[in-house]
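Asks: The chain contents come next:
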Amino acid sequence: GAGVSQSPSNKVTEKGKDVELRCDPISGHTALYWYRQSLGQGLEFLIYFQGNSAPDKSGLPSDRFSAERTGGSVSTLTIQRTQQEDSAVYLCASARGRAEAFFGQGTRLTVV
Amino acid sequence: GDSVTQMEGPVTLSEEAFLTINCTYTATGYPSLFWYVQYPGEGLQLLLKATKADDKGSNKGFEATYRKETTSFHLEKGSVQVSDSAVYFCALSGDGATNKLIFGTGTLLAVQP
Chain A
3 GAGVSQSPSN KVTEKGKDVE LRCDPISGHT ALYWYRQSLG QGLEFLIYFQ
53 GNSAPDKSGL PSDRFSAERT GGSVSTLTIQ RTQQEDSAVY LCASARGRAE
103 AFFGQGTRLT VV
Chain B
4 GDSVTQMEGP VTLSEEAFLT INCTYTATGY PSLFWYVQYP GEGLQLLLKA
54 TKADDKGSNK GFEATYRKET TSFHLEKGSV QVSDSAVYFC ALSGDGATNK
104 LIFGTGTLLA VQP
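Read top to bottom, the protein sequences are chains A and B. Residue numbering for the first sequence follows the working numbering, beginning at 3 and increasing consecutively. Residue numbering for the second sequence follows the working numbering, beginning at 4 and increasing consecutively.
Any given hint could turn out to be false.
[Claimed, not checked] Pairs of lysine to aspartate or glutamate residues, derived as EDC-like cross-links and limited to a Cα-Cα distance of at most 20 Å, are as follows:
hint, chain 1, residue 1, chain 2, residue 2
1, B, Lys63, B, Glu18
2, A, Lys13, B, Glu45
3, B, Lys63, A, Glu102
4, B, Lys103, A, Asp58
Keep in mind that the hints were calculated from the coordinates and are not lab data.
Only chain A is shown next, with the shape it has when bound in the complex:
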């Protein structure tokens, strides 16, 4: 596709359930980022993939959060045993090396 695609666009889940969020980056982009944005807040870095290098997981808030990137393309962010404080918009972005990043529209996660 022409841009970064994220799915689902909205997700409502019960506390304690696991969720998977998907990101399809722009073809050929080697870098992929996940960020979290809570209402009225800035961008919280979660994880960064760059080519075949080991991912930078330094922003993951707890061991309930994990992410993988298969074949250097699609990425899945998994949140296990969701908590209400996980409610936020999860943003994915991709970039070609050091060039500007392009963002998807985000997945709005609501934990009830």
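Since chain A is already given, all that's left is putting chain B on it; use the hints.
Replies: Relative to chain A, chain B alone:
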């Protein structure tokens, strides 16, 4: 490590006023610098960028100059419009091995008619 510091908001201006949003950075080497904008209810989009010292990025009447000597990348616009109301994020991508994209905390701009 690399970091970005931008001025706290909200910034409230009247239409046609001059805008400056300050951004300074800490990084080794020569990072690339960016301003992103997030309009209400929308995703982030690139506003402008500069990849080397003294470069000026510009778009939609906004400008920012990469100042290596002051490690700054301040965003300016000569005459703001109500439609410029948004959150503005300064960001950098380092030139090291990881070149991770690092964002400032964002500055909310509200332009009143």
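Asks: Given the hinted pair A:Lys13 and B:Glu45, is their alpha-carbon gap at most 20 Å?
Replies: This hinted pair holds, its Cα atoms lying about 17 Å apart.
Asks: Is it true that the CA of B:Lys103 sits at most 20 Å from the CA of A:Asp58?
Replies: Satisfied, since the Cα-Cα distance of roughly 9 Å is no more than 20 Å.
Asks: Would the pair B:Lys63 and B:Glu18 pass a check requiring their Cα atoms to be no farther apart than 20 Å?
Replies: Given that 20 Å is the threshold and the Cα spacing comes to 15 Å, the pair holds.
Asks: Can you confirm whether the C-alpha distance between B:Lys63 and A:Glu102 stays at or below 20 Å?
Replies: holds, 17 Å
In terms of the numbered hints stated before, the structure departs from none.
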